[in-house]
Structure formats: structure tokens, C-alpha cells
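2 protein chains.
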Amino acid sequence: MANIKLTIEYEGTNYIGWQKQNKGNSIQGEIEKAIKLVTGENINLIGSGRTDSGVHAKGQVANFITKSKIPEDKFKFALNSKLPRDIAIVDSEKVNENFHARYDALGKRYKYLIYNSQIRSPLYRNFAYHLSYPLDYGEMENAIKFLIGTHDFTSFMASNSNVKSTIRTINDVSLYKKEDLIVFSIEGNGFLYNMVRIIVGTLVDVGRGKIKSSSVPYIISSKNREVSGPTAPPQGLYLEKVYY
Amino acid sequence: MANIKLTIEYEGTNYIGWQKQNKGNSIQGEIEKAIKLVTGENINLIGSGRTDSGVHAKGQVANFITKSKIPEDKFKFALNSKLPRDIAIVDSEKVNENFHARYDALGKRYKYLIYNSQIRSPLYRNFAYHLSYPLDYGEMENAIKFLIGTHDFTSFMASNSNVKSTIRTINDVSLYKKEDLIVFSIEGNGFLYNMVRIIVGTLVDVGRGKIKSSSVPYIISSKNREVSGPTAPPQGLYLEKVYY
Chain V
1 MANIKLTIEY EGTNYIGWQK QNKGNSIQGE IEKAIKLVTG ENINLIGSGR
51 TDSGVHAKGQ VANFITKSKI PEDKFKFALN SKLPRDIAIV DSEKVNENFH
101 ARYDALGKRY KYLIYNSQIR SPLYRNFAYH LSYPLDYGEM ENAIKFLIGT
151 HDFTSFMASN SNVKSTIRTI NDVSLYKKED LIVFSIEGNG FLYNMVRIIV
201 GTLVDVGRGK IKSSSVPYII SSKNREVSGP TAPPQGLYLE KVYY
Chain U
1 MANIKLTIEY EGTNYIGWQK QNKGNSIQGE IEKAIKLVTG ENINLIGSGR
51 TDSGVHAKGQ VANFITKSKI PEDKFKFALN SKLPRDIAIV DSEKVNENFH
101 ARYDALGKRY KYLIYNSQIR SPLYRNFAYH LSYPLDYGEM ENAIKFLIGT
151 HDFTSFMASN SNVKSTIRTI NDVSLYKKED LIVFSIEGNG FLYNMVRIIV
201 GTLVDVGRGK IKSSSVPYII SSKNREVSGP TAPPQGLYLE KVYY
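Protein sequences, first through last, are from chains V and U.
Position 84, counted from 1, in the first sequence is what the numbering used here calls 84; the numbers after and before it change by one each time, with no gaps.
Position 110, counted from 1, in the second sequence is what the numbering used here calls 110; the numbers after and before it change by one each time, with no gaps.
Think of the hints as simulated: they come from the structure by calculation, not from any bench.
Please note that the accuracy of each hint is not assured.
Copies of the same chain look alike in the list, so a pair counts if it works inside one copy or between any two.
For lysine-lysine, the following DSSO-like pairs were computed, each having C-alpha atoms within a straight-line distance of at most 30 Å [unchecked claim]:
no., residue 1, residue 2
1, Lys178, Lys145
2, Lys210, Lys111
3, Lys177, Lys58
4, Lys210, Lys177
5, Lys111, Lys178
6, Lys223, Lys178
7, Lys36, Lys178
8, Lys223, Lys69
9, Lys58, Lys111
10, Lys82, Lys20
Okay, chain V solo, but in the shape it has when bound (with noise of 0.2 Å):
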């Protein structure tokens, strides 16, 4: 028996999301079927996280236990063969027999793009947020800081979420600019549902003037979804890294 960690990229566009579920095509289910291909086992593919429909990833960690002689390094080239063209296995690696993707996280890194131009662009349609309205770049800036540090993120939860803890860490944000993109990357100890999404809305909403870059800490103190920003769409979120 082997644990196999996968490091997987993916466009989500054409998914229903990372996570199998009774209708449409799912990341997992695409590996899962491909291992099926490979392996001839039927094995149950952990993830680090779900992704919604529409977003990216670069690097989503998952891992399966199989009984398969493939040599560990092998079996990326074995699923990409298998695999359709929006997903493929960048690295395949033996673990430990007690790895497991999800509980075993200890932070996550996302990135999220708005591609802010008064024309919409072709090229990032499915890959970034597009914003016609001039946003206040430096308004953003001051706001990001106030995300660091450990603090309850109920503000920025989807507001039909149920979890034990709405406690999490951010260690590091950064904005960047780069022509018509505006690069937003943010690191933590874990995320809530759509947290990165409602911390981008907000963040946009910050720009545009509806939200005051100073008011950040009372939406978070507040814990109160109603006085965030709205929920970014998902075509420019991009799971980077999971770390373990």
C-alpha cells in the first residue's frame, strides 16, 4: 500500500467545482476516473479543500492510498496521459501512510486577479474579475493590512457556512499592478467559505469609495456578513499552494 500526494493545476471554467457530486464534471471525479484508468482501483481522492466552479488552481494537494507498483514519480505522467487538457498532475510523490490532504494543511496561498479596463478582455474572460469603473489602487492598499493577524473572519464567511471555528490566521497579503491587472495574494492558516471572495468584494467595494479603507477593522470586529462587501465571481481565484 502507498499514499500518493498529488500536486494538481487545474481550469476550473468547465467544472461544477473541485468536489463529486451526483450531476456534471468535477475535478475530483476526473482524477479519480483517470487513477481508475491507471491503477484499476476505485479510490477515494482527498482533497486539501473544495473549489468552487470557475476557479483555478495551480496548486491543489490531494492524496489516495493505493495498492499500485507505479513508482511514485511515475504516476503524474501515467494520470496526465489519462487526464483531459484542463487538468493535469505537476508533481506525484509517496507520503507517509498517514498524510491526508485536508486535515493535515497548515496554510493555503491565493491569488486573485481583476483585470480593470473599461473593456472587458477576451483573453482573461475566464480568468479574472472585470471592473470597468476606475478603482482607488492606493484606497486597496491601506485597506489589505488590516486582514493580518488572527481574527474572526464571520464577516467574510459565506452567511449559510456552518463551522466549529470562524477564528483564522492571514500572515501575509500584497496588491500588485501590472498594466490592467491588479494582483491580490493573501496566505493564511486556513480560509472560510468564499472568505477570499467576500475579502476581494470588500476590497473592491474599498475602491470604488462605497467602503472606507479605515472601516476594515469594524467590518471584521462587527462579525457581521451584511456590512462586508459582496462575493467576488470565482473565474479570478486561484488556489496557489498548499502548505504543509
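For chain V, the structure is supplied; the task is to place chain U on it using the hints.
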């Protein structure tokens, strides 16, 4: 009567190319359809030049003559509301009645993306040429400088082409590397059919050691398509700008 110049961005993946043909959807055809919806006119859209299926554009230029009274800068919004999501008019302006997008073009700039990594990239699958073997980047840098200047580029022209002159002037070339991407840019007064893609195919042969960088002057002077490299695939190519 007004002569309207359009600057166009598109993803070429789902089209047979710029030019209208009997079968399949073309960029030109889609824009002509949008103009018909907006103005009621059956116009003939003149592009700066063709792009092949799968080739993208950030700055394709085209013009058309219209009787419509729509203000020049409003055309982009009117057309964008009718165009598919993978085509957008990024600028529209009224130009001199004699302006002709093809005849008046003084030069063009193209970009070509190579994704150089052992594993294919789902996110770049339609946006870069994937090469899994290592490339000698220094040798590729040495090779590109020989392209500068006025040369007969017959060696870099699709062999079934038929043009008056095969002499073109290249003003600028550059190569840079960013993580797994190699970005090639080239600017000149004109390009023969498939010229950029054959140049890239030749550079890749230089990078993999099949051709020495010092042989590039010989390849140019031999005026023989058989001594240059293969035609690199379309999805890495972007028409960046047309100069007038």
C-alpha cells in the same frame, strides 16, 4: 459616411481564424455580424492582415465605411454588447476616409509564449506552446539578434506562399524568461505567412541544440524553407499591435 477604425482583442481558440470562409466562425465574420446588428448595414470589414485559427490578438486593427450616425467612440460599446465573449472592440475612432487597415499598416508587433516545463499547463493550454524538454536559453538569446535588419525571409515563409516580395525589415526582437514562460517579441515592417511561427520553431531548434545560434545568418541567406525549423503551433502567438 464615416470611416471607423477598430482595435480588437480576441482569443482565437474557437475560430477558423480572422478571415471569413465558407465554413466555420471567423473573427471578421463575427464583427461584421455585430456591425449589421448595430447599424443595419452589410459592410466589408478590412483587417490589417489575417491571423490563423488559434492565434490571438491584443491589438488587431480593422476599418469599415458606414453611414451610421453613432458617435465614433460609442461604436466599441455598441459592438461589444453584440459580440461573443472571446472578441472585444477595445477602441473605435473615426479616421480619414482614405485610411485602409491593410495597405496603411507600417509595421506590426507579435508576441509568442513558450511554456517550458516537464508537465503541460492546463491554464496555458490554449495560450502557449508547451515544450517539456530543457532549452538553452542563452543560445536562443544569441540567435535572435541575427534577425534584426532587412533580409529576404524566404527561409521563414510557409513554402506554399505567393507574395511579391519576401524582403522584410525587423526592427526589434526580445526574449525574456519568467518562471516557466519564455516570451519572444518581434517587431517589423511586415511579416510573411507563418513567419513568426517558423522563426519560433527555429529558435526552439536552437534551444534544444539541433541548430547552432551561429547558423542563423546562414539559414537566412540560404532562402530555403527546408533549412529552418518547424512551424510552431498557433496558440502561442499574439498580434500585439499594428503601427500606422
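Here is what the structure says about each hint:
no.	hint	result
1	Lys178 - Lys145	both (20 Å within a copy, 28 Å between copies)
2	Lys210 - Lys111	within (23 Å within a copy, 39 Å between copies)
3	Lys177 - Lys58	both (20 Å within a copy, 19 Å between copies)
4	Lys210 - Lys177	within (21 Å within a copy, 40 Å between copies)
5	Lys111 - Lys178	both (14 Å within a copy, 17 Å between copies)
6	Lys223 - Lys178	neither (33 Å within a copy, 41 Å between copies)
7	Lys36 - Lys178	neither (43 Å within a copy, 36 Å between copies)
8	Lys223 - Lys69	neither (50 Å within a copy, 54 Å between copies)
9	Lys58 - Lys111	both (10 Å within a copy, 24 Å between copies)
10	Lys82 - Lys20	within (18 Å within a copy, 36 Å between copies)
Of the numbered hints listed earlier, those contradicted by the structure are 6, 7, 8.
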